[in-house]
Every structure is written in C-alpha cells, then in structure tokens.
Amino acid sequence: MIDVLFSSLGQLFTVPHMLYMVMGVLIGLIVGIIPGLGGIAGMSLLLPFLYGMEPSVALGMLMGLVAVIPTGDTFASVLLGIPGSSASQATVVDGFALAKKGQAARALSSAFLSSMIGGLIGALVLTAFILIARPVVLSFSSSELFMLTLLGLSMVAVLSGKDVFKGIAACGVGLLVGTIGMAPATGEFRLPFEIDYLYDGLPLVVVGLGIFALPEIIDLLVKRGAIAEQPCQLGKGWKEGVKDVAKRPGLVARCAGIGSLMGTIPGLAGSVVDWLTYGHAVQSAKDKSQFGKGDIRGVIAPESANNACACGAMVPTLLFGIPGSGTAAVFLGGLLLLGLQPGVSMLETNLDLTYTIIWSLALANILGAALCLGLARPVASLTRVPFVILAPLITILILFAAYQATRSLGDLLALGIIGAIGVLFKQANWSRPAFLIGFVLAPGAEAYFYQAAQFQGAEAFMRPGVLIIGALIAASLLLPPLRSYLKKRRQADEPTTHERQEEVAPLALGVIDVALLGSLLAVAGYMWWAFADLSMLGGIMPRLAIAIIVAACVLEIIRTVIKPMKWQTQTLSQQLLWVAGFFALIGSVMVLGFLFAAAVFCLGFLLVVARMKPVAAVGLAACVTLFLMGMANLLTLTYPTGMLAGL
Amino acid sequence: MTTLKNTPFKTFKKALLVAACSTLGAISVNAQADDVSVPDTIRWTIPFGVGGGTDVWARFFTTWMSENIQGNPTLVIDNVPGGGSINGSNLFAMRADSDGSQWIGTSASTQYPAMLQDRRVRYSYEDWTPILATPTGGVVYAQPGLGNSAEEVLNAVTNQRVKFAVQSHTGLELPVLIALDLLGADVQAVSGMRSRGEGRLAFERGEADIDFQTTSAYFSSVEPLVESGRAVPLFSLGVLNDSGEIVRDPAFPDLPTFNEVYETLHGEAPSGPGAEAYRKFFASGFTLQKLILLPNDAPEALIQEYRDAARRFVDTEAFKEAAMAQLGPYTPVVGEVVEQHLQDAMSLDDATRQWLVEWLLEQHGARI
Numbered sequence: 000m001i002d003v004l005f006s007s008l009g010q011l012f013t014v015p016h017m018l019y020m021v022m023g024v025l026i027g028l029i030v031g032i033i034p035g036l037g038g039i040a041g042m043s044l045l046l047p048f049l050y051g052m053e054p055s056v057a058l059g060m061l062m063g064l065v066a067v068i069p070t071g072d073t074f075a076s077v078l079l080g081i082p083g084s085s086a087s088q089a090t091v092v093d094g095f096a097l098a099k100k101g102q103a104a105r106a107l108s109s110a111f112l113s114s115m116i117g118g119l120i121g122a123l124v125l126t127a128f129i130l131i132a133r134p135v136v137l138s139f140s141s142s143e144l145f146m147l148t149l150l151g152l153s154m155v156a157v158l159s160g161k162d163v164f165k166g167i168a169a170c171g172v173g174l175l176v177g178t179i180g181m182a183p184a185t186g187e188f189r190l191p192f193e194i195d196y197l198y199d200g201l202p203l204v205v206v207g208l209g210i211f212a213l214p215e216i217i218d219l220l221v222k223r224g225a226i227a228e229q230p231c232q233l234g235k236g237w238k239e240g241v242k243d244v245a246k247r248p249g250l251v252a253r254c255a256g257i258g259s260l261m262g263t264i265p266g267l268a269g270s271v272v273d274w275l276t277y278g279h280a281v282q283s284a285k286d287k288s289q290f291g292k293g294d295i296r297g298v299i300a301p302e303s304a305n306n307a308c309a310c311g312a313m314v315p316t317l318l319f320g321i322p323g324s325g326t327a328a329v330f331l332g333g334l335l336l337l338g339l340q341p342g343v344s345m346l347e348t349n350l351d352l353t354y355t356i357i358w359s360l361a362l363a364n365i366l367g368a369a370l371c372l373g374l375a376r377p378v379a380s381l382t383r384v385p386f387v388i389l390a391p392l393i394t395i396l397i398l399f400a401a402y403q404a405t406r407s408l409g410d411l412l413a414l415g416i417i418g419a420i421g422v423l424f425k426q427a428n429w430s431r432p433a434f435l436i437g438f439v440l441a442p443g444a445e446a447y448f449y450q451a452a453q454f455q456g457a458e459a460f461m462r463p464g465v466l467i468i469g470a471l472i473a474a475s476l477l478l479p480p481l482r483s484y485l486k487k488r489r490q491a492d493e494p495t496t497h498e499r500q501e502e503v504a505p506l507a508l509g510v511i512d513v514a515l516l517g518s519l520l521a522v523a524g525y526m527w528w529a530f531a532d533l534s535m536l537g538g539i540m541p542r543l544a545i546a547i548i549v550a551a552c553v554l555e556i557i558r559t560v561i562k563p564m565k566w567q568t569q570t571l572s573q574q575l576l577w578v579a580g581f582f583a584l585i586g587s588v589m590v591l592g593f594l595f596a597a598a599v600f601c602l603g604f605l606l607v608v609a610r611m612k613p614v615a616a617v618g619l620a621a622c623v624t625l626f627l628m629g630m631a632n633l634l635t636l637t638y639p640t641g642m643l644a645g646l
Numbered sequence: 000m001t002t003l004k005n006t007p008f009k010t011f012k013k014a015l016l017v018a019a020c021s022t023l024g025a026i027s028v029n030a031q032a033d034d035v036s037v038p039d040t041i042r043w044t045i046p047f048g049v050g051g052g053t054d055v056w057a058r059f060f061t062t063w064m065s066e067n068i069q070g071n072p073t074l075v076i077d078n079v080p081g082g083g084s085i086n087g088s089n090l091f092a093m094r095a096d097s098d099g100s101q102w103i104g105t106s107a108s109t110q111y112p113a114m115l116q117d118r119r120v121r122y123s124y125e126d127w128t129p130i131l132a133t134p135t136g137g138v139v140y141a142q143p144g145l146g147n148s149a150e151e152v153l154n155a156v157t158n159q160r161v162k163f164a165v166q167s168h169t170g171l172e173l174p175v176l177i178a179l180d181l182l183g184a185d186v187q188a189v190s191g192m193r194s195r196g197e198g199r200l201a202f203e204r205g206e207a208d209i210d211f212q213t214t215s216a217y218f219s220s221v222e223p224l225v226e227s228g229r230a231v232p233l234f235s236l237g238v239l240n241d242s243g244e245i246v247r248d249p250a251f252p253d254l255p256t257f258n259e260v261y262e263t264l265h266g267e268a269p270s271g272p273g274a275e276a277y278r279k280f281f282a283s284g285f286t287l288q289k290l291i292l293l294p295n296d297a298p299e300a301l302i303q304e305y306r307d308a309a310r311r312f313v314d315t316e317a318f319k320e321a322a323m324a325q326l327g328p329y330t331p332v333v334g335e336v337v338e339q340h341l342q343d344a345m346s347l348d349d350a351t352r353q354w355l356v357e358w359l360l361e362q363h364g365a366r367i
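So the sequence lines, in the order shown, correspond to chains A and B. Each residue of the first sequence is one higher than the one before, starting from 0 at the first, in numbering that gives the first Met the number 0. Each residue of the second sequence is one higher than the one before, starting from 0 at the first, in numbering that gives the first Met the number 0.
Careful: at least some of the hints might be erroneous.
[Unchecked claim] Residues of chain B clear of chain A, computed beta-carbon distances all greater than 12 Å:
1. Gln116
2. Glu125
3. Asn240
4. Thr256
5. Leu301
6. Phe312
7. His340
[To be verified] Where chain A lies over chain B, by a calculated footprint (3+ residues, C-beta under 8 Å):
8. 167 to 176
9. 184 to 194
10. 216 to 228
[To be verified] Far from chain A, some chain B residues (derived; all Cβ distances over 10 Å):
11. Pro72
12. Gly266
13. Phe318
14. Val336
Hints in this document: simulated from the structure, not taken from any laboratory. We put the beta carbon where it would ideally sit given N, CA and C, even for glycine.
Chain A on its own, in the form it takes in the complex (with noise of 0.2 Å):
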C-alpha cells in the first residue's frame, strides 16, 4: 500500500499530469468565480476532452476542477452577497456582513487559507479513511440519515437566536416549498396552481439567489454608497484574516473534520455541512453577538469544512458508484467515460489511480488557494466601487446565474418571487438561512423517513445510530438555554451585573412583522385545503409543514400579546419599488429575449440612474452583453428569445 501511495506521488509530479491539473485548477477557479456555474458546469467543458485520454492525467485534471470549486466561489459570496454555488451558502451570512463593514479582504483571505487547510485535512482523512469507508458508509441506513436531516434542522434553534419563532416559521415555509414536486413515496405532484415548472421542484441556485443576493442588491441600492459602508483597509486586512485562521486551529480542524466525515455520506453532504459547521462555530463561540452581522468565525468554519467535504463526497463516488454531490455525480461520468467503473476495484486493481486523485485533491487544493489568495486583495476593491454601477452587472449576473438551473423561463420568474419573500424576510429581520435549510432538508427528511419506516418499521428508531444522533440533537437543543440559565442565576447573587441585564432590547414587532403572521396563516390555510386530496403517505410532509408555520405564527402572535413589545417602525415602500422594477426586467427579457434585455437595462441602468458617462456606459453594457454571448457559446446554452423573435 505504501509502495502505492509514492508511485502515485511521483506519478502526480511528472510534467503532462502538473499540466493538466493546473489546467483543470484554473478552469475550476474560473467556473467557482461565476456564480451559478459550478463543478457541473466546469464538468461539461472538460469531459468532450476525456475520451480517450490516458486516465491518470484526465484524472488529475478533474480533481483540480472539482477541488477547487469550494474555493473560488467564495469571491461572490463574500463580495456580492451572492452564494455562488451550493457549498458556500453559509459563508455568505458573516462574509457579506464584512465586506460592507469594509474588511472583504480580510474576509476572503481567511476563507482561502481555512479552505486550503480544510482541503489537505480532508485529503488526508481520505487517505487512511478510504481503506476502511465500506463497513463504516454501510452504516448509515436510512434511518440514521433521516436523524441527521433532523440534526441539520435543529440547527434553526441555533441561528435563529432571540426571534425563536420567526426563524421556526421561516424554516416551516422553507419545508413547505421544499416540498414542492413529486411526492417521494407515492409518485404524486404537488403543484400549486398546476405549474408545470414546479414537477422537479425549485432549484436550489434559484432559492439561494433569491433568498440572498437580490434582497442584499436592493437593500444596497436602497441606501446608495459603495458595498463596503466603512473605509477599506485591503492590504491591513489581509494580514488579518491570514492571523484570524492562525489563532483558531482548533475550530478549522473541527470543522475540516466534520466536513470530511459528513462528505462520505451519500446522499446528504454537500447541502448540510456548511450550516452545520456554521451552527457549530455559533454554539461554541463565547461572544455569538457578531454572527450575522460579521463574524469571521461565521466565515472560516463553513469554508474550512467545505473543501474537505469535496474530499470526503470521493468515497462513495468511489466506491459505491454513488455520488455524494452533484460535482461528484458529474466526476462519476468522467470516471466511466474514462472506462473506469466504480466499485471495490478502485482500492484493487486501481489503487493507484485512486491515490492519484487524492494526491490531485491535495496539491489542487494548495495551488487553488494560493492563486486566489493572491487575487483577493485586488478584487476586493470592488466593494469601494459605487453600488448603483455595479447593481446592473450584478443582478444580470444572478439572472444568468439563475437561469442555469433549469434553462427555462421558470428560473428568472421563481428568482424574483422567492426574492420577493427575501426582502420581507430581510426588512422584518426574520431568519433566511433557516428558510434555505428547511428547504434544503425538506425532500432528503421526507425521503428517509418514508423509507426508514418501509424498511426498518419501528425498529428504525431504536437503533443505536439513531440513538447518538438524536442525543446530539438534543444537547444542541437544550444545553445552550441550560447555560444561559445556570449564568443568568449565578447573575442575579451578584447585584453589580443587574444593569447588563437591561441592555437586551426588548422584542420588537412591525408593520411587516404583521403582514407577514397574517399572509403566512392565510397561505397555511389555502395550500392545506389545495393538498386535500393527496393521499396519506404523500401528503403527510407538506401538512407538517403547514402545521409547523400555523404553530410558530401562532406562538409568535401570543407572544407579541403577553410580553410588552416595542412597536417598530420598517421600511418598505422604496424596496418594493425594486422588486417592481425586477419584475419589469423579468417581463423585458421574455417580450425581447435575454440578450437584447440585458444590454438595454445596463445601458439604461447605467445612464439613467447611475449617471455615467455614455462612452463608459456603452462600453460596459457591451462587455456584459459579449460575456453573456461568449458563454452561450462555450456552455451550448440557448437564451430566452423573446416573443418579439417568435413574430
């Protein structure tokens, strides 16, 4: 074995194998950068090259691909506000709220290094790890898999903090649209209003834009002024961000740990482990009161975790023929167009080949993150560029970006209308990554439990797999409000900190507060009378939902009754005003066709409400225009014609 593992080092060190994989490196850096393209999109550019090539190298170039997509997608999560794919969701809480206090550059060059630390921690388990995986992934059946969905969702209790029910009520209408398409268990649809786009349910690009980036578009441009709303310090920051990981080795191994332990699961991965890390750099910091609002702990653990989590995703992609994330299922097509078939072989006959891609994964990682710790400081220049002249670019952008999820006009439609609910769920302080990760876990906890109970019956839950998990569950329930209980007592035997005690605001309630309570119950109300007549089994996950939101409103409102609320004012006039506006935009693309709205609305974006110069803005809208044609090129994509071309 041994022997194995230095022929393949040396393998890895020969020129054609470096040259390839640096290539595959800066595609994957390329594809990681813009948003909505990701590991698929890097994949389809590269395999029409791989038949017949000689399959170390070919190997070598699709691991520096697939390694470095975590990384490179960091820049428009932390500068944008944009969760380039879905692997950095979770960064883009704390690493958004950095840039616009002007510490992007701090900010991106923690994420680099805890993601290149992260990357070789996860290689390195997979190295010793992948001798022993089979009896270890075979472990987890479908009941322990449901657990732990369970585990992803309690971890709304974590993020939600003192809002406790806005965040379960956000989380319930994230499990209700999670829901949306064929009932796992019976075949059924469940479609509002019988949406042919919906038979697959919503995209999750389309939901993590929506969700983030257009409410954080508008919100900008609702307050003018740059990203960064505080002076940059790039060159000061950068340093600091290198220091930030150094001083927390700890967390960064956790967090590299749990990314590449929960990568070898099939089936869950990749979607889970960014907000569990999150979640757990939340409950075991001391101080929580910067996450949200810019805490670069909120940065270096999902990024720490999620590099690793490509790691880990090989195994069963290895091993089992069993893709752990959608980068790994496209890997897989590579393998077989490679000739190689996945299974007990890869740690036989192809041992070596198996070790040449862990080697990959290793040395992509370093490369991948030295290369964009060079660019981050650059790059991070941009938050001190005015907002209203990037707005147009960004937000075609993420209508591209959209628009790569299904390639129907559905996409940009679901965009906005999800983005919509952002901007209430972002004016009135409710939770969105708890929406996104009900969302997210929505089919996977439906699925499992379905088949846990088919399978196992009531055996399932007396398993001792299940059994840890659900422990795990509730110590992250119950220990955090049984310390905050224990501190409080120890508090009040010392009179002198009785004034600290004042400071917590109290709850706060507004005008979207109420709208939302009321337009939630009443959404609760029709889609429980829509989904009559599903049949038990394939009705019962979205009617949980429904109950989920109808109690947490519920609660909330009972709330607001029996404990002294401030009544506070919010804003919402200008912001609906640019929803309004990008619906337009929507309505422009399907009468003109993509291309041609696009290079209006930047143009007129540009002249009219940011006051350009028209030489600058011609010259802008025409690069816009060229790099949407130049990927329709290289991606053999179609745009929306309009239906002005079907005339």
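Go by the hints and put chain B onto chain A.
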C-alpha cells in the same frame, strides 16, 4: 491499465482544436459530400444531466459517429435535464428543425412515460425515426439469508414479503416488478431511490432483500458480492434475438432467463396481460434502452447516411473493444430493425394498459 492510444500532448492538441472549432463553428465552411449535404454541426439533445448514464453513453458515441459520417460533422451535446427526461424531450419535439441537424438521445425513462401516457408527455415516438439503439441486460439477485441457491430463494419469496428498493414504481424496475409478480413473489417496493446505485446500497446495508442491476453495474458492484457470498443471483432478463425470442444474455451465459425460470416453475411460457406488459416494457427499456433519434421529416438521404455511418463502425473490432467497457458485450442495432422493434414495443394496447393501472394500484398503491 488501458493501452495508450493517444499521448497526452496529442490529446491536448486535439482538445485545443475541438475548442477552436466549436467556438468558430459559425465561420467554418460548408462540408459538401457526394450526394447528401451533411450539416456542419449536429446538435444532439440529451434530456438528462451532464455525467449521467445517457450523457456518458452519448459522449462515447459522438466520436464514433462524427468520424464515420461524411464530412465529419461536429456533434454538440446539449443537455436539457428535468422531469426525468420529459422536459428535454418535450422541448425537442416542439423546437427541433427537420433539416437533419438535430438529434435526440433517449432512454428507458423517456420511453416509459410515453407508453404509460403520462400527462406531462408532449412528444411522440411516431414523430421520430431511429438511427441506432443499444441494448442492455440485467440480473435480479437476493440476500443469501433467503436461501443458498436460486431455487431456494424463489421458493422463499413466495412465502414471505421481501423488500425491493426502487426509484419509482414506473421506473426502469417496472418489468422486474412484473416479472417477480408473475413468479408469485410477494414484493414490497420501497420507492424514492435517486438511482439504481442507491437501491444497491440499500441491499448492501441489508435493508432491501432483493435487488436488480443492469449489466455494467452488476459486473463492477454485484459480482464481488456474489463471490464473497453476500448475494445470490436469481435470473437475468435475457436478450431479444433477431427473430424476436428472448434468449440467454451473452453477458450471463450460465444464468437462466426469467422466461426459463417461469417455465420450470409453471411448465409453460408466461401468458396473459402481465406477460404482455412485461414483454413490451422489457423491449422498450432493455432491448432498445438507449436510442439515437431524429425527426422523421428529416431528409431521407440524410437519415440513410447516418444509419450507414453507424453500420460502418458497429461491427469493427476497434469499436467492440472500446464498447466493452461502455455498453457491455452487446452490439448496437441499426436502422430499420430498430424501427420495427420500436413500433411494436411502444404500442401498448388498452387491455394491457388497463391491467397495468389496476395492478400498480392494487399491488403497489401507485397511481399513474
């Protein structure tokens, strides 16, 4: 390790060339052949995602087709995933030009909804004509806890309820479910697997008692289980020979086919609506599992040229060697033969469909 056909640098040059061609596709000159004008670029719609089984299959064929069609057109794969291939097929049916420059690659999950008259389907195989079809086979196997030999297992499954992890009741496993029912097995199908591989994982975890894999996955992942005594193979689905009879699968010459097993048990060949449904879904899901099709109002000469191109390579040694890893030991079927088989397989008479609807509801609680 496979033999090196290309040095990495040659491949790299080729890669650059392909990249250059595809970006400059619009400028390249019109390739003129002797009698037919072959388009420069053929856009091949694959209604599945990148890296999936059908995508990999199509990418394997692009090189061979392109090299053998006059003028060597560039084949561009356009992945349009969604709705289990229904979305992309609907779009193709609506949009595809009939000048022969657009193909579609379909699979069992495209054929089945059309046969079952799924209300989402807005395409019809009657509008399309096949160039080539590739078959596959498959094997049903069970936990050794049910018995040490195929006979013991088959006997055991008639007496006790066994679990089978499927993607959906109307997915690729449909003929297997019908076959097991015809054999008298009491099967509980647990649906919601995202791939056949997940079904196998449930079997390996001991959650499912019985499972099914197509040929390539069987060789890579189930044979090691059989060798170490963790799975017992029961029967193969067999293959259809040229005269339309189901015979032993060349990949599994020692394994009886479903029909043989049925005959041993019942003393006669399977008959009735169940057997008819099995035959149709076996033909469209396995004998013709993956198809290259184009609109049938494309120029006749062009359709002929594409079929001839396929005939030029399917029997060569070089192709067979390359195809072994991708397709298994099966030879693709070309042209008119596919057309006949396809028409027969896709036409499900009302009585059989009615039987199927009732059977799915009664046995598996599934509505179609």
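Each hint tested on the structure:
no.	hint	in the structure
1	Gln116	holds (15 Å)
2	Glu125	holds (23 Å)
3	Asn240	holds (27 Å)
4	Thr256	holds (24 Å)
5	Leu301	holds (22 Å)
6	Phe312	holds (14 Å)
7	His340	holds (26 Å)
8	167 to 176	holds (count 3)
9	184 to 194	holds (count 6)
10	216 to 228	holds (count 5)
11	Pro72	holds (15 Å)
12	Gly266	holds (35 Å)
13	Phe318	holds (13 Å)
14	Val336	holds (27 Å)
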